[in-house]
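Q: Each chain, written out:
Protein chains: 2
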Amino acid sequence: MRFGVNYTPSQGWFHSWLDFDVAAVARDLDAIAGLGVDHIRIFPLWHLVQPNRTLIRPSALDDVACVLDLAAEVGLEVNVDGLQGHLSSYDFMPSWLESWHRKNMFTHPLAVSGEVEYLRALTRAVADRPNLLGITLGNEVNQFAGGVHPTPHTITPEEAGSWLGTLDAAVRTETNTLVTHAMYDASWYRDDQPFLPEHAADYGDSTVVHSWVFNGSAQLDGPLAPASVRHAQYLLALAAAWNRDAERPVWLQEVGAPINVVPVADVPEFISRTVRHAMESPKLWGITWWCSHDVSRSLADFPPLEYDLGLIDSDGNVKPSGRAFAELIKELRDAGPAPAPEAALELDDSVDGYRAQCAPGGAFHRAWMAAAEHTAPGQAPQIVLRSRRGDQELLAARGISDNKITQVLSEEAPYA
Amino acid sequence: MRFGVNYTPSQGWFHSWLDFDVAAVARDLDAIAGLGVDHIRIFPLWHLVQPNRTLIRPSALDDVACVLDLAAEVGLEVNVDGLQGHLSSYDFMPSWLESWHRKNMFTHPLAVSGEVEYLRALTRAVADRPNLLGITLGNEVNQFAGGVHPTPHTITPEEAGSWLGTLDAAVRTETNTLVTHAMYDASWYRDDQPFLPEHAADYGDSTVVHSWVFNGSAQLDGPLAPASVRHAQYLLALAAAWNRDAERPVWLQEVGAPINVVPVADVPEFISRTVRHAMESPKLWGITWWCSHDVSRSLADFPPLEYDLGLIDSDGNVKPSGRAFAELIKELRDAGPAPAPEAALELDDSVDGYRAQCAPGGAFHRAWMAAAEHTAPGQAPQIVLRSRRGDQELLAARGISDNKITQVLSEEAPYA
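Quick note, the sequences are listed as chains A and B, same order.
Residues in the first sequence are numbered from 1 upward in steps of one, following the numbering used here.
Residues in the second sequence are numbered from 417 upward in steps of one, following the numbering used here.
Just so you know, the hints here were simulated from the structure itself, not pulled from any lab data.
The beta carbon of each residue, even a glycine, is placed where N, CA and C say it ideally should be.
It is possible that part of the hints are untrue.
These stretches of chain B come out as covered by chain A in the derived footprint (C-beta under 8 Å, 3 or more residues) [unchecked claim]:
| no. | stretch |
| --- | --- |
| 1 | 423-433 |
| 2 | 513-519 |
| 3 | 681-695 |
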């Protein structure tokens, strides 16, 4: 079982790429390694690395590679995310895609070719590092495509898939490492999101989920209720339902304890229950906590919750949350793979609005949470798609018994 | 008479702030000094200096100050522009004002207070340099306010004035240097532009104009016709019409030879005629050519004309345009102030749409060009506002004879 953290630099947050400070990064990584994690996920800022479509700054790529080398010194593997893009409420779009140069980032040929060149260059810069864990195309890039974004790059699901295929292939021209892509949970929960659950499962080498209980989960029943502490597990179960290969890993690549919905005093318990439940998931590759370091209060305008997500404060002191995570790692890092429960709930993915049914408070979500709570530990149901119900080979490979599949009736989702 | 150039770094354009290279800047400034100019205008990128509202990077300020020191070594004064903002078709807006953090940059209290802090910090960083020429609030910031911008920060003229007053005062808390603000010509020519001609004249220490003949001027009659080579002079005359103090200087802070409308072979002649005509303007402080260096063809997506505006190519060779400008400087730098012609045209600024009348092809523009061509050299008419026609003291101070003022009748402007 792999444990890691998303690395949020203690000095200057991700703006620290502008003042790359080897000693500061080394100090941060040393503190992170002290938690017992085996990997980090890092986030170059796209608009700084590629300020013009045809200018990919060698010195910026050198800085990224340097982080890998510093991480290697303290025994950490590194996953590099490409298109940031979006981080903690801030969007960083290069000027060659905005305003007078506005182009659809997913479909315009010059935009896509620029992204291809960027991801190839970024991958090349780190491909020879032995501690390269993988490349993620970008952090929650689906945020830019959805209807909730203030200025969305509107696309169809077919265009989303085509874009993922193009960028995934671009990275693979440069490396044999793990390639993934990351979506925020609108892809699972919002019917207007063009990036679909099947895109999570059909592109990349593992199916990645990001679990954030400020999405309504914690508000439903409270910070330590099943809807909160099983949310990551539920999302992993949903993700696995779309995997065409039963052996395909799932990765809880982001999960955090947002204190707008989880009181600080409950955070260690929230972490413990969240991690333990997540580990009940079959084929789980690992858990990567968001995040390493608090955002300094000297930086303005973040949503309040974003300041306190760190396991380590901005002065470098491990917080109670960090101690809780570290203790869990010590206890759980040698755990074997979770068994595959025979029972499953069937999701009717054929109906319009099925994603709203999956969202926190939706009929399917409610049904799964109830079923999970009424089974023995480790026996929370898997999820089967109605559209794939006939694939007996897949069901068998997943360890699901046909006579233990329960249909869930669609109904109006209260939180749709 | 002051001559200068707008400094466009030969390596990496303004993205070079990301890889600040003292030797490269020194090489550029040496080449610029070789033209015989006495000053440059420089453009820090706002989003890089202030990536978070409360993070103004000391190292970025140091780089700006370093440019002044390098300029001092070759005898150049430096004007520092603040809010870029907009440069050569690219917008660089900090992420704390865009997307999820979108705020009206002219009216939102947090936006304005962030801008105040930025301009104060930028000014403080250079205030003690003996070769500091001045501070301009930002380059053509009115671009963001106008109706033609794809995502305008919509404001009223009153709000534009209030914003200018706030920012002007902020800079003055840190320095006694020249303070100016710069608008593109929509303020003179478009009736939907909230930044008004009077704002050019009522804020800052001199009235600044930017002359670009791709605005229709050159298209009207050709690259060497009066509408082209007198455009800067005309804009200076318009600017002076709004000055409440006859002694207030006017500054041709940007003027260039865009090869989409001025054939390369005509550029030296265009420069010569443009400069000579501009120098007929009473109270002209100086002429700052756009720009020092060509944009490298290795950078993508600029409008084609933007690549060739340099007086020096991106390899450091002085172009025919550079030689022409250098020869003019040698000839004209000791020229005395231009006489104030007694004749003037009266602009009826009381009618709706008077700005369209002033635009290239508009009735007033046509009338002024015709009058300028039919007078002796140095005798092109001044411009008087109907709203200030009664200010005999001002007219006298400007050297205008009441009996030599000609009214221009409004009419439908063909290019409105």
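Q: Hint by hint, note whether the structure agrees.
A: Comparing the hints with the structure gives:
Three residues within the 8 Å Cβ limit are the bar, and the stretch 423-433 of chain B against chain A gives 3, so the coverage statement holds. Counting residues of the stretch 513-519 of chain B whose beta carbon lies closer than 8 Å to any beta carbon of chain A gives 5, which reaches the threshold of three, so the coverage claim holds. Restraint check on the stretch 681-695 of chain B versus chain A: 0 residues with Cβ-Cβ distances below 8 Å, three needed, restraint violated.
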